[in-house]
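S.K.: Chain residues, written in single-letter form:
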Amino acid sequence: MKLVDRFMEGLDAPICLTWELTYACNLACTHCLSSSGRRDPRELTTAEAKAVIDELEAMQVFYVNIGGGEPTVRKDFWELVEYATAHRVGVKFSTNGSRITPERAAWLAASDYVDVQISLDGATAAVNDAVRGIGSYATAIKAMENLHAAGMAGFKLSVVVTRQNAGQLDDFEAIAQRYGAQLRITRLRPSGRGADVWDELHPTARQQRELYDWLARRPDEVLTGDSFFHLAPFGDGLPGLNLCGAGRVVCLIDPIGDVYACPFAIHDEFLAGNVREPGGFAGVWRGSELFTELRRPQSAGACASCTFFDKCRGGCMAAKFFTGLPLDGPDPECVLGHGEAALAARDGAAAPPKPTQDHSRRTPRPRPCDESPVAGLARS
Amino acid sequence: MLDVFDESRAWAMDPRVALRAESFGALAYHFGTRRLSFLKHPMLVAVVEQLGQHPSASAACDAVGVPAARRAQIHAALGTLADTGMIVHREGEAA
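Chains A and B supply the protein sequences, listed in that same order.
In terms of the working numbering, the numbers along the first sequence are unbroken and rise by one, the last being 380.
In terms of the working numbering, the numbers along the second sequence are unbroken and rise by one, the last being 475.
Some hints could be false.
Stated by the list, open to error - Residues from chain A shown here face chain B by an in silico Cβ test under 10 Å; the list is partial:
hint : residue
1    : 59
2    : 63
3    : 113
To be verified - The calculated DSS-like cross-link candidates involving lysine-lysine, where the alpha carbons are at most 25 Å apart (straight line), are:
hint : chain 1 : residue 1 : chain 2 : residue 2
4    : A       : 2         : B       : 420
5    : B       : 420       : A       : 311
6    : A       : 75        : A       : 142
7    : A       : 2         : A       : 311
8    : A       : 156       : A       : 75
9    : A       : 156       : A       : 92
By construction, these hints were calculated from the structure, which means they are not laboratory data.
Where is the CB? At the ideal position from N, CA and C, for every residue including glycine.
Using the sequences and the accompanying hints, generate a full structural model.
M.R.: If you want it as structure tokens, here you go:
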């Protein structure tokens, strides 16, 4: 049996998983995949989070991608990172950089098992701040300066590719080089608040082609989170797993312990269970009805007759779901244009589903933060 | 270009590498480089696990009972693991 078929059937434990530690965030990015902003009172306690780490250690999940919200705003964040690494669960965390002080950068540089991913969605302040908020470009650059000065080599500079920044790939590469970082480019999904801006932000068909060629020329240099498998019909596919790993090799634990099939699918339809249940996370991963179903052969539906189906396998489940397309049909960004046709045919039908969790702030941020995302924050 | 894998030398799994058994073989994760590798055959997993106990990689293959027909395949896989730092020369036992 080919390896890829084994993955389609699911593994006893995820290869890696995403763990959003809090819905609280000091930014309000327009495309936030988890509709973050306000903390949820039901978020896992320190003790509960440590129990999850114990389970991950027992299941030999080698590392977790921690995100949020902004995970570093949790008071016990560094304690949890230390606990995980002491238990042989490596940590890579995503941050907007606001808490990466020179002192913290030195601490990170000294830790073998922790990796940092700084989010930046424009190679210029104008492009970045339009999406991530005023001042967020400067904050991210400062964090990278601190990491570089502390000798933290190979941290990640993480970019969600959009119509506005698709022309800046070389510039992002130069920024990464300047700070000794590795560039990571991932796909914009219409998840969370991303659904509200997807029409304006998602790359054009021509940009997708250029992006594929650009990435294909840098197979070892640039990471992609294996997120561009929908572009595989352009050639031989990019390095990594060219398939949807949802519920098979990856999943999401959200701040309140809910387990979803993937980080981009925060909706009841993709909710497998909760880590607070008696069987814990392992029970959900191994026994949930949803994950069992996802590990069965999936119908190719409208894509069955396409000669490229073996390459893209119909693309991203979450991208289809949140644009209101059937799951057994083309990806909205299908490179053959079938997605555009499907989107056009959808018009007039019911509105696309909304995420089940929405922690966006109800009102715009208070004034000082309109100037600086870190205004008023205690420096740790 | 890296050297061709030398199976007459003494090798071992890097101490920062952890293996997780899977139906197809094993997942190998290097905590230092954060690189993930797939060991796509149980026989390769056995060889990698035993490398540290034998004076050479070929002796480890003998101990596991790798048949002649599979030798080239295992050799190539070990070469990839060496290139990516998953397995390393044992100190003090240079050829």
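S.K.: Would you pick out the hints that fail for this structure and give their numbers low to high?
M.R.: none
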